[in-house]
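Asks: Use these hints to put chain B onto chain A, whose structure you have.
Protein chains in written order, with my numbering: chain A, 1 to 539; chain B, 1 to 132.
Simulated from the structure, these hints should not be mistaken for lab results. You can take every hint at face value.
Lysine to any residue pairs mimicking SDA-like chemistry, simulated, CA-CA at most 25 Å apart:
1) Lys424(A) to Ser118(B)
2) Lys231(A) to Asp247(A)
3) Lys408(A) to Val37(B)
4) Lys408(A) to Ile25(B)
Derived list of chain A stretches under chain B, where covered just means 3 residues or more per stretch with a C-beta under 8 Å from a C-beta of chain B:
5) 82-95
6) 100-110
7) 299-313
8) 413-422
9) 426-434
What you are looking at is a predicted structure, and each value in this text was computed from that prediction instead of being measured. Idealized CB from N, CA, C, for every residue including glycine.
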Amino acid sequence: MKRETDYGYEIKPVYTPDDIAGLDYKKDLGDPGSYPYVRGYHPNGYRSRVWTRRMTAGLGSSKRTNEVLQQYRKMGQTQGMLVICDRPNAMPIDADHPMGRRESGVLGWHGASLLEFEELMDDIPLTGQSITLLGSSAMSCMRLAYVVALAEKRGVDLREVHGSVTEYPFCHTFGQTDHLPLDLLIKLWLDSSEYIIRNKIHMRSGILSQHFQESGGNNAQALAVEIAQLKELLGMLVKERGLDFDDVGLLPYELVSISSRFFEEIAKVRALRRMYAKMAKETFKAKSEKACQLLISVHTSGRAMTYQQPYNNIARCAIQTLAGAIAGCTAIDNACLDNAHAEPSAFAARMSLNTQHIVSDETGVTDVTDPLAGSYFVEYLTNKVEAEAYKILQQIEDQGGMTAAVRKGFIHNMMEASARKRQKEIESGERLVVGVNELVIPPEEDDDIPIQSVEASDSEEIAKRMETWKKTRNMPLLKEKIARLYADAKEGKDFNLMPSIIEAVKAYGTAGEIMGVIRVANGFHYDPLEMIDCPFDLQ
Amino acid sequence: MSHRQRIKVLISGIGLDGHFTGAEIVSRFLMDAGMEVVYLGIYQTPEMIVSAAVEESVDIIGISSHASNYEQIGLLLDLMKKNDLDDVPVICGGTIPKRDAEALLERGVAKIFPPQSSSESIVDYIFSCVKR
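Bound-form chain A, shown alone (with noise of 0.2 Å):
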């Protein structure tokens, strides 16, 4: 058995003072509440207040997505609600396109139109949670203008609604799907960035490792692409926009993958706080505090569950959700028991559920902060891991920055690799996984349990309905503002489209039309997949 961490570190059978010789507590590590916030961002922690606790819900029609969130809240998520987003939306394309017809809520909510939001969040508050809608970063800017849409039809202060919509342009290497050139991802990042900056709306923008780390990359590594990506995007928004980085500090949040050993996922997030907070006060000379702050979420690792034995899965995530808890992060949403199988059925959710609770209410694990401090082992692995992750970021700037290491395809080559040599190691024998190497069972006696699916009747059914209602809204008025979406397209780089993607949202143009028309006017087929044509006359 391998005792390495995954990032190729041997580790010890024990640790001592020497191991952290030179550690500065106050210039390295600081009380809970001071920089560089290794410890957290409050003195008193879960003291003042515990991470919101949520599941992902979506599947299926608006319709189903509302039902299961409103399931959720009955379950005791109240503080926050995260929905995922379907493959048609990531695309994004409509759920009538011949490809849609296909897949429409298929691992997610058809989120296609303001009326899907509606729906969605009928008999749900805009405000008092938090929204946290995940998807590609296309539709980012569709989905931060449903939220100022339906906060102005309820007459609800936009500045009043807090959570996170929009999502980093590099979310299509890690295996989202965006079919939009990287450029143009980038441009719509930045336009509905600035806009949330400008409008003071408390909304977060999701730049993760998350996905990274899921494909295969180490904690090393995931370290070193969030930092390489905060970088390149919040310096653009501050030398492209124009904008503050005290302003623009407070729009990142990070999804952290936490995966099942312990000790260096810990690590991993505390690196990660000195990381950026470091980053903040030396690069971009923040002057405010919480612009050092780094809003850190934790999604405990869908990859680390296993398709045998499934109900040892709810082991595993009691056991990564402690370790999120631990490590101070702000938010958590777990995978669940049957995460290699489907979506989350009632049950496995339910589990899941509770097992945040148990862990926030029964094991007093909020009544300390950063509980680790002090350990010689954590704190090695907290300087490790963070040593090693800059090596790499070094790595990232000698290919000219995050952008160009995408292009270059060494972000891609890097994950891979790790994603083999775990392969490899698990199959040797090395890594030790219950279930797959391990107290190994046949087939037939393995567990069954129950799964959540959507036919291929619930896609067709979906696209029908879309079909249906396309004719009836107010076509003048919806070609006035795909006309005016047009011609602001065209305008160039700087020249920010949220102001007309709201109103055209407003107006219940589609994620397909919207973004195909910015497409068009962007030199590019109408369609990503070149199945249909452009339905409006642009000229």
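Replies: For chain B alone, coordinates are given in the frame of chain A:
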């Protein structure tokens, strides 16, 4: 072994599934085992997969699918029959629930490899069903 004697495998994602790690890892170890791999990548429709299979005269098709709408794999099988490709086995890997896996096997998929299947089991299976 000459080029003609090597087993030729087509590996592809299907539909709008954006996950690629599984397909890439499998492609790599099939190549390491001496097979020729035609890697189509992700976002392939059943039509595109069949067309590539005909053009490349592959011996076997491997579909990687991560919690997808499995009807797309069914459509692929139907299209293969129409194109006289019945003799080309289709194997699938990924997070396919048991119920869906059974339905796919009944419909004509040769073998399904669940997550965490070993590379050896996949390589051995391909050698056993594609004789050279």
